[in-house]
Every structure is written in structure tokens, then in C-alpha cells.
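All chains, please: the whole structure from these sequences, using the hints.
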Amino acid sequence: MRKCSLEKLDSVFAEIANSFKLYLPVDDKDGKAKYSEWAEGVKWSNALNTVRSPKDFFFPQTEDLMGFKCSGKNIEIIDTRNESEDFVVFGVRACDVKSFDILDRVFLKDPVDSYYSNRRDHGIIISVACTRPAETCFCHTFGIDPTEPAGDISVWKTDSEVFWQSNTEKGAALLEKLQALTEECDADAVNDQKEKVSAIMKKLPLAGLTADKFGAGKTKELFDAPEWDSLSEACLGCGTCTFICPTCQCYDIKDFNTGKGVVRFRCWDSCMYSEFTKMSAGQPRLTQKERFRQRFMHKLVYYPENNDGLFSCVGCGRCLAKCPISMNIVKVMKTIGGKENE
Amino acid sequence: MDKNNKYLQEEILRMSGVNPRKCMSCGKCSATCPAYDEMEYHPHQFVSMVKNGDIERLLNSQSLYRCLSCFACIDRCPRSVEPAKLVEAVRLIAIRKQGANHMTADDVPELLDEDIPQQAIVSAFRKYSK
Amino acid sequence: MQKITREQLIDKAVSLLSDGTVECVLGWEKGQFDYDITPAVFNDENELRENFVWNDFCGANFSKYLVSKTRKCNGKMLVFLKPCDTYSFNQLLTEHRFDREKVYAVGIPCEGMADIDKIKAACGDGIISIDASGDKLNVHTLYSDEPISVSAESVFAERCMNCKSKKHVAYDELLGEDGDVIESHRFDEVAEIEAMTPDERFAFWQNELSRCIRCNACRDACPACTCEKCVFDNPNSGVENKAAANSFEEKMFHIIRAFHVAGRCTDCGECSRVCPQHIPLHLLNRKFIKDINSFYGDYQAGAEVGTRAPLVDYTTDDLEPGEVFERGGDNA
Amino acid sequence: MQRIGVFVCWCGSNIAGTVDVQAVSDALKNEPGVVFSTNYQYMCSQAGQDIIKQAIAEHKLTGIVVCSCSPRMHEATFRKTAAAAGLNPYMVEIANIREQCSWVHKDMPIGTEKAIILGKAAVAKVNLNTPLTPGETPVTKRALVIGGGIAGIQTALDIADAGFPVDIVEKKPTIGGKMAQLDKTFPTLDCAACILTPKMVDVAQNDKIRIFSYSEVTDVKGFVGNFDVTIKKHARYVKEDVCTGCGLCTEKCPQKKVPNEFNLGMDNRRAIYIPFAQAVPKVATIDPNYCTMLKTGKCGVCSKVCTAGAIDYKQKDEFIEEKYGAIVVATGYNPISMDKFDEFAYSQSKDVITSLEFERLTNAAGPTAGKLLRPSDGKHPHTIVFVQCVGSRCDSCAQKGKEYCSKICCMYTAKHAMLTRDKYPDTDVYVFYIDVRTPGKNFDEFYRRAVEEYDVHYVKGMVGKVTPEGDKLKVQASDLLTNKQMHIDADLVVLAAAIEPDKSARPLATMLTASMDTNDFFTEAHPKLRPVESPTAGVFLSGTCQGPKDIPETVSQAGAAASKVIGLLAKDKLTGNPCVAHSDEWMCNGCSSCERVCPYGAITYEDKEFRMPDRTTAIRRIAVVNPAVCQGCGACTVACPSGAMDLRGFASSQIMAEVDAICK
Amino acid sequence: MQINEYKPLIVAFCCNWCSYAGADLAGNNRLNYPADVKIIRVPCSCRVNPMFVLRAFQRGADGVIICGCHPGDCHYTSGNYFTRRRMALLFSMLDYLGIERERTRVEWVSAAEGAKFAATMNDFTEKVAALGENKRLEDLRCKR
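Chains as they are written, first to last, in this note's numbering: chain S, 223 to 564; chain Z, 3 to 132; chain R, -13 to 318; chain V, 81 to 744; chain P, 5 to 148.
It is possible that part of the hints are untrue.
Using 16 angstroms as the maximum straight-line C-alpha spacing, the simulated EDC-like pairs for lysine to aspartate or glutamate come out as follows [unchecked claim]:
| # | chain 1 | residue 1 | chain 2 | residue 2 |
| --- | --- | --- | --- | --- |
| 1 | R | 215 | S | 497 |
| 2 | S | 379 | S | 414 |
| 3 | R | 215 | V | 506 |
| 4 | V | 564 | Z | 112 |
Calculated from the structure, these hints are not laboratory results.
Since we're looking at a predicted model, the values are computed, not measured.
See the structure below:
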């Protein structure tokens, strides 16, 4: 483990930015954190987390896949790929780091999504441990320890110092470059912090939330639960939850005719949308209830079924904060999962 | 139309805001004019002379000062041409010509008699007192 | 703190349910925390007593739900309407979007709703509970031993700070006292933007709109956006788009959305409330309202049922499109 | 995918002079959907059209683009060509490369480039064209004529003559209109009554014609071929079918002091009256404003004297609903009020009269039994001054009269002057004029006769003021030719008052959704080529409701309107313009926005049951466009927020495709 | 005159009855205007959806002009009155968003006003050319 003083952090960023594009959470003019590229003078946000998740770095909201051009009756294919730049994302919380695992299992499974995998290969993740979890946090429900974030490098920030520990070769190589700006140290301060935060975690309103009722093999039990009706009653069918969710990975591929050619691009899609996966025969899920159920069943049952029991929610709490009608996965888990969850 | 007349015409049109081309030569202005018999050129001729740029002749005519400014022609004109405003403007041109007034304010009292309408006296002083 | 109490509302709902006037109640359901309240349909007294809430976080405008809910409901549905909700209610009626006969509307006074983001900005994260006393909100958080007290007014949602009316323009029955239409300063911010140079305006909106993630929350929450199928969802419309592909798409979406609700928007502020990216979308709608007022005379959508919206109306001497800049004050 | 043929016209050198037509046809060959492209000297010629027909057959074309002159010129031609070759005529699009390209650009490369782009836009549009078939609606074979003056009478007679039933709605108790009030008619001087009343009798006796007199149209719904009209028949308190028109009641009625409107108030009639001897229907009418019985319940004289028992004091207004295929507006005119012309002392002296009043004064059936006597003292006038253009040809700023020329005044004034001089050679007759306008057959000859044979003093100039003094009228006028101001002591002054459309026209136009000009004259569908049709299909114009005109002109227009109506009623079905709006019922919100912008009332709403995506059924309010009424402006398509409303032939997708093609 | 002046792309929506005929008349009278102007025929100016205007900008237009019958002369009685309101609001909004106001225009051109049509197009093209390329309502994908 290495450390540097808080004052030196900017020099560290500068050093990283020498070799990579460096992104980190920065406050915008409304005080909301969002990932922005670091440059001299750009300050790391104090916010617990960003409004949007960092999945954009690997799975951007829209991404051109290819282009083609028709001249006369011939079609010429144009390579539009641009995902080969090395970059570093700093300040990723434990929950969001975990989300990359969940996305990996989708995109890196055969057939590998080369756009995603290229970006993964070129990206280095520097995670940061949480110190002030919010009432909406429930990462522990999915076995995530916010004080032990994964990633290529894990970082702990105390009042005066920043502690660095590499977890992967990529991480180690980067830390190597920061040799001059950091010094070797023990983990005492970090352990102190972990203890304190763990104590807070126990006091969180959602501390008792478990996913025991969910997981692989629960489809039959939960699919026809009567509660879906009332839960989905108020859902507006917007895509807020989906688009801020770090693990939602659905997309649509569309062709855009520019007049000069065609750009084939993909963009995020939401299972909450009435047009989602519309086929010539229509949509498979006709009502908002079905679409609503799909989203939560996927996160809590279908995905674990296909991925060794791993839930496709990381408890980041974004949807709790942002749903226009305040319906969210926690309410679903508590209602469908029965009283003992409360 | 010579240059001076052209210039005067433009000035008159600008000052009066009248468009003499709207005139359809019905003669109602002249028909209604109480000072008709005093005039060498009558209201409808005023309009057509301004329209044709025949300004110098107008300026030199006593008719200019026979108009009582009663505005009957303005009221009656079916085309809203407003001949009295033209008369007014031509008078102003005369006034603005330094020393070109055909008389001064001092000349007015002499000319007064009982038949002259009050309006004409007021009008005369307005013109010649400055 | 709201003047009318939760118990009063529940009692009213229970009595209307028991005398058979209504079949069900559209109301607010308590959430995990004190502030995450969900609109819900209540069918009996037990449900109401257990889960119905009424507090400073009941901001959601229910009017829009009436379009879909009344189609499903056989009898009458009770809906509680805050003053601003009643304007949307009327506008929807004007557009024949639901059957008035199927609704029993109870007007309830509103003292202004709180914006949880403002509270979080003032008190920090980790909010465990919020209780109201007088005009203060006491916020209990994980990170302070004592509750943090903030004045309710200081954490009002933007639309409540610029409340345009405390008057109910539609109801079957009114609980508490009716208020008045308020001289608000809601157009000040629009005027500020108008006063910028075109370059500043462009930069301002570029910054705001570029944050749009096209989640459609603004549209889906908007009581004027009740189209059976939105043009942006319709592949045949030529403007369909699922995600913000580039800065043009965002502008297209927001201009057209604002245009489609122009003259119909009651300025209820739901769009800005629900935007996860805090884009001040109400400033687009208010621009149209301000323009309509100054070009064609004051018009408040939803003030009455059956009025002709300005965009489906005209006079023969309306101002020309080229004149709008003179009328709107030339600031360029 | 369409199979599109492109045909580039040279138009001799008109296009080929500035546009490389070969380059255009070559370039368009590569556009999506295009399977054939050629160019030819004159595409509109028979040979050119044959090329198109042949290509349609040979290449199995599903759509064609003709790059040629304006579609306003030859779109119809090429549509016919396509139809002749078995292609739906609406699969034709024109790229306007002449008026909007070769004629406005000088440079060959620039012109060629633009022509290609315009061609591409047309190709892009045709790719999205769909074959359109005009809708058909049945035609109700009955016509309605609103107004029973000479215009309405002639129209009705002509329509009835062709075998179609016609109803005339007249708001007065009798038909006949203004012409019935006239004495003689210019330029032949035959007596108006002698030529009008036989026609009125024809109307009364024609079994195809029904007269709703003392009636008004209160509501019009529907559209061309299918109008639903509500007619309000005012209570006349006399049973029409019982009254024999003997006129006894009108002699016995004790209420004698009712101003007689037929004589313009120059004498009185009774409270029960028949407007004039030849009235049709010849039925008495009780004036409820003056009838003592109706006002106080006491009197009943008419009822007592009526041997037929036709009087019915309890009669109520009656509403009749009838269907019509066509409506003719013949609402006529009135002289304008003289209130704003104080200078002529109309309100101060009874001896200042309007020309229509003069007609009554000289009419044998008028208040003076045809003797020209001064209204004030019944004396014979010696000096008579006629003033023309009173209220006509006024500037709009003056806000006194009308901007237009009333057209008939010059001629009737000449007639009045001539007749006066003829009958009373001892009179001095002056006519003050601004211009004398006599374009018409035998019109100028007539006017010259007044001057030359009858020694009428025509004075070029206007009367400035008229001042009553004793029993004389002091007339001050100008004689512009001698450049003198004239002062005449007249006995009678006759004002040729401007004429204006009847006041009932404006509300009627609203009911009919027919357009009017600023003067409240009905506008024609086209001022030159469709002068007797209103822009609203199925509504036709007859007489002075369309603009000032004299009797022969009115009669010929009436006949023309009738022939248009006959042409319409002769059809069993109407084929409409297929380029109309249509609403996608799944997307429609039923919000009424479209209805509110539709100028034709073509959109109605219905509640329809739908099986919703969530498998429930719901009753939804949806818009329905009546294709027979829709004219295809497209206002509704933009008013519709959900995009449910679209326009055939100019679909949003087609216009956007054109935009895209142009902006490539 | 400037040399190497920017050649803008102008989309002109013209109503079939007045303005399109006015454009034809300009042609009949051989009144020149820049070839940068491309006309799209619509039945009435009220057929022009704000979406079409934005679409044109998206696809690379530098200016959009809508021409219709003079108010009061609409072939369909009232179409252009609606156009007038719609476009007044739309243009005001575009201006509010910082988009150059000279890029949009509504002009009433009757079937008899061929000269006005040509003059309008000359003037509009000149003004738009002075602004240069449309950057503020562009869709970069369409520029490739």
C-alpha cells in the first residue's frame, strides 16, 4: 500500500493525465457530480457518487458501430471505430466497480462484444472506498463492501491522506508510475476508516435488506406474484431508472440515414419503454406491469439464474433517488420479498 | 419638372403627409370651398399642381393666402387626400423662404374687415407673426 | 408544513368510499423514507390508514394518471388535487382526455412542496427522517446527532417558489380554504435568459440540454404529454429516437416537446421536478407562455375548461413572425 | 420498393438551355428506386407522353417523376398520361426545373446541379407515394337558393328547368327583391315589374320550386352534395295555404301608421299587409311590432273580415330541416346609410333622397302613383340635382363610404335624368359626376342620349354641400371644366348612394364557412375562372352578394350559378380530392386540436371501442375526417401533437424525404 | 460583393396557391435569385410542421423560409394565420436557444408577386450567407 498527502493529489492526477485521459467525478454548476476529464484546476467532487453511472466509459449511451455509403448501387462500408484509446477512471465506488463484473458477464461472453471489450482493455479503474454512505445505499445486500472496493487500483481517502493499493497488473503498472509522488505505508489508517464506515453501514435504514427471497430458480414463485399490479401501478414507463443504472445493459441498434450515407449505431434502450424489443409481431410485453416486472425479475431472478447466482443490482441507490414517482428496486424487494425484509 | 420644383414638391409631400396621387379629381374640395371665388387656383387645382410639380406657380399665387384653413375640403374629400394640408405645406414653404413672405404680421390689421372670418385672422397671425 | 392533515384527507376518502360516491382513491403512498412518495390507488380504509401519506413531499401531479386510470375504473375515482394540479385537470378535460363523470375531485390547499435535492444540499446525505413543525423541517441524518432544521420555504421546489396560483379552478368539493391567483415572478428567469447575448443563450442551453439522457421522464410525467403514442416513440414520425444520439437530437426533442405543449402547458413544473439531470425544462415551457402572453394576450392553460388554446386560434392582426424580436425586446 | 421512371423534359431550349438534361437523367438513374431514366425534347407532347406510357408498361413502373415545367402547368397532363397507362395518377411527381430552375438561373453547371437536386427530392417523394383513389359521396338532388331577388329567382327557375327541385328562402314576405321596387330598367327602359313579375309567377307555379318566404336559414351543416339546412319560418300569423290574397284585411286593419318599407318609408301601410300587388306568395302578413291584437290581445279585425279564416294569432315560428346538394347564395344588396354624409343634408331635408327612393317616387305603384312630387310638400320639382358616387370610391381612411365603385349608379342616374326630362320637359336636371362609366352594351349610347337628346346637364365635378333654405336646396358644387364653383337652387337632390351587401350575408357566410372579402362580398373560388363558385365546395354565388352588378349581369350570373348547380346535381356521386387529411385512430388523442383549426368543419369525433395493448377494452374519442369536406390544407396535421393526423399526397414522411434529399 | 462568399443551403417551403405560383411567376419573368434556394411545395403554409424546419437544419440547411399567401388571402381561409402564430413562437424559441434569428423567416408572397419572391430570396440568401454555416442546429452525423 502506498499513500500520498491530499495536497499532492493534483500532482498525482497530473502525472496520470500525462499518459492517459483521466476521468473523475467533478461537480457541475448545480453541485451534481459527473465524470469529466481532468485538467489543471479541475477538482475531484466530494459527492458520494455521480448522477450517471460510469458504465458510459465501456458501454456509452450511443456508439457508432459502422458506417456505409451508397454510391450508385454499390455499398461501401466505413470503419467508424474509435474505442482504442487508453484511459483511467478515477473515483469509482465499490458498487459501480462491481457493476463492471455484471456487464462483463454479458458483453464478454461468447460472442464477445468487441466494442465493449476494447474499451475494457483500454480502461484502468481506480476505485475509491466510501466514507459517508447515504440512506439510499444497499450495496451490502449484494455482498459488496464499500470499504473494500475492487478495480485495478483501490483508493482510500482520509482527512489528510490518500492511500493507494493496486489489485491488478494494470493497476500495479500505473502505481509504478506514481512511485515518485507516493510513499509506501501500512494499512492502519485505512483499517481504522473501514471499521468506522462498517459501523455506519449497520445503521443505514436499508441495513437489513436482503435478497434471500430472490435469485436463481425463483421465476415460478415470483412471476405471478399479485403485488406486481400495485407496484407497477404508478410507473410512468420512462427510462430514468434504466439510464442511470450501472448494470442495465440493454441496447438497440439502429441505422441513421445521414443523407450522405448510413451510420449504424447502438444506443441504450429501456425495458420500461413500450417500444422495447418490438418485433414484426409486436411487443412481447404489452403492459407496463409486464415491462416493470421484466426489469426487476431480470435483475433479481433471470440474471442470477444465468450467472451463478450473481444479482444484477449493486445497490448504488441511484434509482431510489431519481425515479420520478419514487418506485424502485428496494420497494419491489420489500413488497415481493415479504414482511421480513422490512 | 425642374430641380427646384422637384425639391419643393418632395418637401411639401413630406411636410403634409399627403399623397396627391390618391386624388380622383372629383372636385368635391372645390365644391365645398367657401373661399372658392377668391382663389386663382382652387383646391382641386392645388392638388393636381402639387402632383404635377407645378409648385413655383402655386407659390407665387395669392390663392395660397385665400384658403381659410376651414378644413371643409379635408372633411369632405372622399379619397382622404386632404388638400388643406397641402395648402398649409405650400405656405410653410413660402414662410421658410427667407424674406419671401408676401406680407408681414404688421400688414394684417390693415386688411381686416368685418367679413373676414375669425379663423382667417387667427390663421394669418399664425403665419405672419414669426 | 401542510395546513390540512393526513387524517382529514383519510377521513374524507373513507367517508366517500363508504357512502359509495367513489370506488377507489388516487393518493400518495408512503415510501422507504419520508420523502420518496409514490402515487397509488387505494381501495379501502385499511389501505388508506396504513399507507396513505400527506406531507411536504406529495408533489406528484395526479391529473395525468386520470387518463389511464379512469379507463380501467368502472365507478368514480377520488382524486386529491392541489391548486396547481387543478389546472392540468381542466386542461385534460378541455382536450377530452378523461371522463369527468368518473372522477370525484377534492381540492386540497397546498403550502408548497419541498425539493429533496435542496434538503440534501443543505443537510447532506444520509437522511433518516424528516419531520415538519410550523414552517421548519427537521432533518435527522446519519452524520449529525442533532436534527438539522431548515425553513420549509428555503427548500421549496422551484415551481413552489414561483407558485402561480393557490386557487383551485376545478373540484367537486374543497377541503380547507381556497386561495388566490398569485402575482408570481415566474418569468424573471426567462427574462434573464432573454437578456443574454445570443452566444450566451446558446452556451447556456448547450450546457443544459447536453446533459439530457433522453430518459423521457419529463415527457412521461408531463400532464400535457398524454399522447396515445408520442412522435418520439413512433418510428414512422421521422423524429423517433431512443437515446440522445447527439446535441441536435436533444434540441429537437426539447423544442418539439415544448412546442407540442405550447398553449397547453399549465406550468405545473413536473418536467423540471422529475429530470434526473436537473435540466431547467420549465424555462422552455415558460418561454412559450411568456411569449403567448405578450403576443396574443394573457392566457393560462387550464384556467377554464373549453378554452381555445392560442395555437389553435388566431386573430387577423396577429404579429408577424418577423416582429417577435421587436416585441420580445431586442437584446441581441 | 418502388420502380420509378424519371423523365427529364428539355422544353425545347427553355430547360435544356440552362440545364444539362442528359446529366440530370443520368444522375437520377442512380437514385434509390429509379429503374428507368430518360430525357426528351417535349415531354408534354404526344410523343413525349407516349415515351412515358411505353416506359410504364415496359419497365413495370410504379411511380414516375417528370422533371419539367411547374406542376401548376402540366401535373394534370402527366397524371392523365399515367392513368392512361394504367398507373395510379397520384404516383406522379413533378420536379419543377423550368420556372424554378432553368428560368431563374443563368449558369449551366449551377442550373444542372439544382435540377438534379430537385429531381432527387421528387424521387424521394415518389418513393413514399401511395396510390390514391378519390372518395365518393352521394349527392342530394335538391338545391337551396338563399334570397328571392332576381338573382335567386333566375337561379331557381334555371335549376328547376333542368328538373331538379329547388327551395327559395326569402326573408321578406314576398320574393322579388330590389328589382320589384324599381321603375324602369336601363338601357332599354322596359318596366321592371313587367319583366320581373311574370318570372315571380313562374316561380310560384313551378312545381319543382318551393318558396319559404318570411324565412331565414339558421343553420347549415354537412358538405357539398349533403348539406343539412335548418330554415326558420317566421310566424306571419296568416295561414299561407288558406289566405287567398284578397287583401280585404289590409284595407280594414285599424293600425294605419306603419311605415311602408316597400316604399322606403315614404308612405304608410297597415299592420297586416301584402307588400305589393304582385307579391309572391300573395299572402298577407301581420307585422307583430304594430299589430294591436298581438301586442295587447284586443282588436281581431282582420280575423273578423277574413272569410277564408286564414288569420292565426297563435302561429309560432317554425323550423324546417331539409337536405340539399347545393346552396346558392343570392342575398343581394342595400344602399348604404346616408348618416355619415351630412354635407348633403339627407337627414335635414325630405327632399334629399336616395336613388332607390327616387325609383319609388317615379314608380306608378309608388307613394305618388308615379308622379314626380317633392316628398316635403308634394310640389312638382323644377330643378333636380343628381349627385353620383355618394359613398362609392371612398378612401378607406375616410371611413365614410366604400372603396369600390358601385357600378350601377352611372347608368341608373342617366336613366333617372332622362326619364325626368322626358316626362317633365320643364325641369332642369343636373348630374354631378366624377367619371361616367358606361361599359356595357348600349350603355354609352344611352348616356349620350340623356346628354344630347334630353339636355341633361352633366357637370364634371362634385357637389360640396347642400343647404336647405326655405323650400329650396342650395347646392354648391364645382364645375371642374369651366373651373367655376356653381350655386344651384334645387328643388330635389337625388343621391346615388353606394350599395353594400345585405347584412344577413356575414352570418350566413360563417354558417356556410364561405369566405368574404373586407367589404362583406362573398369571394369567388377564382376571380376569373370560377366566378360563380365560392371556395367552399357546393356553395355558389348569384347576383350582388358577390359584387355590384346590374340586372343583365345578375341574370347571367344567376344562370351560370344554376348551370354549375345543375352540373353538380346531375352527378349521382361526387369524387373528391384524394389529397385529404386522415387520422390514425390508434394514435389519436381525441383532443380536438385538429377540429379547432379546420376551416371546413371536416373533422368530427366519435367514441370508439378499442382493444388496448394491455388486453383491456377502452372507449376512446377519436377524430374522423370527412374526405368529402376536407380540402387538404394540412392545418390539422401540425395542430395534432401526436402526429396522428397526416395528409395524403403531402405526408409528413414525404415532405421530410424531400427535405432530406435537398439537404444531402 | 464578397469573393468566395459562403454558399448557403436554403430550404423554402412554398404554399401551392400563392407563393409557389409566385415563384413560378419569378421564373416566367426570368427574375434571377440564387440557386441555393430549393423550393418544397406544400398545399398551404400551415402544412409546415416545426419538425420540418428543424429537420432541414439537421440535414444541413443554413436557412429555412416559409412562404404563404398574404394574411386574409389564404386559399384555405385561415391556414396562414395558424402558420403565423406557430412560426412566431417557434422562431422566438429558436432565438431563445441562441440560434441566429436571421436563419428563419416567414414571408407572404402572392401569386402575383414574382418580383417580391425573387427579391425575398435574394435578400434572405444574402443574410444567411453572411451568417455562414449553420453550426448551432447542426447534426454532425449529417455533415460527413
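Against the structure, the hints come out as follows:
1. Simply put, residue 215(R) and residue 497(S) have alpha-carbon atoms about 10 angstroms apart, close enough for the 16 angstroms limit, and the pair holds.
2. Under the criterion of a C-alpha separation no larger than 16 angstroms, the hint pairing residue 379(S) with residue 414(S) is consistent with the structure, at around 12 angstroms.
3. Using a Cα cut-off of 16 angstroms, the hinted pair residue 215(R) and residue 506(V) is violated, with the two alpha carbons roughly 86 angstroms apart.
4. Only pairs whose Cα atoms come within 16 angstroms are accepted, and residue 564(V) paired with residue 112(Z) is rejected, the gap being roughly 30 angstroms.
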